[in-house]
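Trainee: All chains, please: the whole structure from these sequences, using the hints.
Chain by chain, the residues run as shown.
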Amino acid sequence: MTEDSEDDRIDLPDQLVDELTAVVRSTRQVFAAAACSCALATEGGDALRFVAADGAGASAIVGVTIPVSRGIAGWAALTGQAIAVSDVEKDARFARDVAESTEYVPHTILAAPIMSSEGEVSGVIEVLDPGRQDEESRLGEQRGTSAELTVLTLVSSQVSSVVRLTRGLDALQTGTLSPGTAGGHDAAALTASMQAVAATGPEGVRLARAVIGAVADYVQTRR
Amino acid sequence: MTVPAWSEAFTTLGPVVPLPLPGPVREWAWEGATGAGVKVAVVDSGVDGSHPLVGGVDGYAALSLDADSEDGLRVDEGPHEDLVGHGTACAAIIRSLAPDVRIYSVRVLGSNLKGQGSLFLAGIEWAVEAGMDVVNLSLSSKSPRWFGPLHEAADLAYFSNTLLVAAANNYPGPTYPSQYASVVSVAARQGDDPRSLAYNPDPPVEFAARGIDVEVAWLGGESIVATGNSFAAPHVAGLAALIRSKHPGLTPFQVKSVMHAAAENATDHRQGASGAPGDIPV
Numbered sequence: 001m002t003e004d005s006e007d008d009r010i011d012l013p014d015q016l017v018d019e020l021t022a023v024v025r026s027t028r029q030v031f032a033a034a035a036c037s038c039a040l041a042t043e044g045g046d047a048l049r050f051v052a053a054d055g056a057g058a059s060a061i062v063g064v065t066i067p068v069s070r071g072i073a074g075w076a077a078l079t080g081q082a083i084a085v086s087d088v089e090k091d092a093r094f095a096r097d098v099a100e101s102t103e104y105v106p107h108t109i110l111a112a113p114i115m116s117s118e119g120e121v122s123g124v125i126e127v128l129d130p131g132r133q134d135e136e137s138r139l140g141e142q143r144g145t146s147a148e149l150t151v152l153t154l155v156s157s158q159v160s161s162v163v164r165l166t167r168g169l170d171a172l173q174t175g176t177l178s179p180g181t182a183g184g185h186d187a188a189a190l191t192a193s194m195q196a197v198a199a200t201g202p203e204g205v206r207l208a209r210a211v212i213g214a215v216a217d218y219v220q221t222r223r
Numbered sequence: 001m002t003v004p005a006w007s008e009a010f011t012t013l014g015p016v017v018p019l020p021l022p023g024p025v026r027e028w029a030w031e032g033a034t035g036a037g038v039k040v041a042v043v044d045s046g047v048d049g050s051h052p053l054v055g056g057v058d059g060y061a062a063l064s065l066d067a068d069s070e071d072g073l074r075v076d077e078g079p080h081e082d083l084v085g086h087g088t089a090c091a092a093i094i095r096s097l098a099p100d101v102r103i104y105s106v107r108v109l110g111s112n113l114k115g116q117g118s119l120f121l122a123g124i125e126w127a128v129e130a131g132m133d134v135v136n137l138s139l140s141s142k143s144p145r146w147f148g149p150l151h152e153a154a155d156l157a158y159f160s161n162t163l164l165v166a167a168a169n170n171y172p173g174p175t176y177p178s179q180y181a182s183v184v185s186v187a188a189r190q191g192d193d194p195r196s197l198a199y200n201p202d203p204p205v206e207f208a209a210r211g212i213d214v215e216v217a218w219l220g221g222e223s224i225v226a227t228g229n230s231f232a233a234p235h236v237a238g239l240a241a242l243i244r245s246k247h248p249g250l251t252p253f254q255v256k257s258v259m260h261a262a263a264e265n266a267t268d269h270r271q272g273a274s275g276a277p278g279d280i281p282v
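Residue numbers (my numbering), protein chains in the order written: chain A, 1 to 223; chain B, 1 to 282.
Simulated from the structure, these hints should not be mistaken for lab results.
In this text the structure is predicted, and so the values were computed from the model without any measurement.
Idealized CB from N, CA, C, for every residue including glycine.
Where hints are given, some of them may not hold.
[What the hints assert, rightly or not] Stretches of chain A that chain B covers, calculated by requiring three or more beta carbons in the stretch to come under 8 Å of a beta carbon on chain B:
1. 89-102
2. 111-119
[As the list claims (entries may be wrong)] With the Cβ distance kept under 7 Å, some of the chain B side facing chain A (calculated, not the full set):
3. V17
4. Q116
5. K142
6. S143
7. Y171
8. G221
9. E222
Mentor: Here it is in structure tokens:
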């Protein structure tokens, strides 16, 4: 086994894996989908690595790395644009070999980019075959790929916050980010993230306060 | 956000007052034109000239970093392939509107659809020096570092009679050169009419064209359905090529004024742009 090159690395704290696993599980249930997965971009931005999945083919897809030039998920990462493809067999972007390697070949794929606060793509969340007959969708009348894509885009924006905050907290805990000290750039990024979270509404304000409180407590213990 | 950034701005537009051009303006602007005599550069991931919807490429420039050269760049003017499909999609849209244009592929992006700011800048400069009439830029930079150099290149293009048509990023935020007043900035808009144009007087994006769920050419002679500001810009570049073909004496700002007058929400007290008095369909 060779070491990942710097560009192939992914900042993937254990807690983030747990968070994303919970996200894909509940998202799959909401969509009554065959599967849901989440891939994060490598630091160089050339590839996506699946880090969490639930449903058909889940165990096979986790750990798989694909170039961003491949697949429907790759398209979402390349363009920063959500996409719904209702018949993937007819779409030249579909990476059939990747699907076959998981032993589940979907008919419909929804994919939405996970954006960083700087507007870069940090990953993709993907739903395979939403609205299966044997499970009840929680979307009610919000069925059909257009409405479903709107919901998935909303989920992806929440996942963006999860990725940013979890990575930020992990950096604090591991000492790679020093708020209020020489790490002014990282501290500023954290502040900006918290402002973005607070701007989402009362829940966001409460969350931002909790995080900032945790940061303050942490800094206190380090003094 | 399921539609590209800035698209929403074009759903509730009020009327804008155009120059009193001969009417119906859209007919005067481009009717009967084929793009003959107009050179259009597609600065992108390359163009597959063999794709049936592209119908050939008249010239190539592939830019890459070269530590051994004086300016750190290398320009290869031999034929190249499209590394993604994105440039081929843009070129085919331009061809569909302006079948007789001469298309030049200026490759500055890699297989991840990303590129160096220095290559992007050099690609624009190459197109200006090569005397392109229209340059399609379905790409942009978010980096403040490139604000100044790209602004300078956009001004160079403007005063060299080269019209830059620049897509805004799909994600909100300032992007260059779409942000500059000297270019024609474009976002995607719902609709099936490839000649649809709408004008937004509020910055940062001035024009919108078809770019949502568009069937576009892709690698391997295939087509895909795609959404993005990237696919709206070549619709505008194609219309600009038609205008420049029919009215070769116009400067970039005059072409922009014609497009403003040809927008579906441009109307005056005499006659709507589409020829129907008071018709404001957006």
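Trainee: Take the hints in turn and mark each one as holding or not.
Mentor: Status of each hint after checking the structure:
1. 89-102: holds (count 3)
2. 111-119: Holds, because 3 residues of the region 111-119 of chain A bring their Cβ atoms closer than 8 Å to Cβ atoms of chain B.
3. V17: Not OK, violated: V17(B) not within 7 Å of chain A, min 34 Å.
4. Q116: 13 Å, violated
5. K142: 6 Å, holds
6. S143: With a minimum Cβ separation of about 10 Å from chain A (threshold 7 Å), the hint on S143(B) is violated.
7. Y171: Given a least distance of 5 Å, the restraint on Y171(B) holds.
8. G221: With Cβ-Cβ at 9 Å, over 7 Å, it is violated.
9. E222: At about 4 Å, which falls below the 7 Å cut-off, the nearest Cβ of chain A leaves the hint on E222(B) intact, so it holds.
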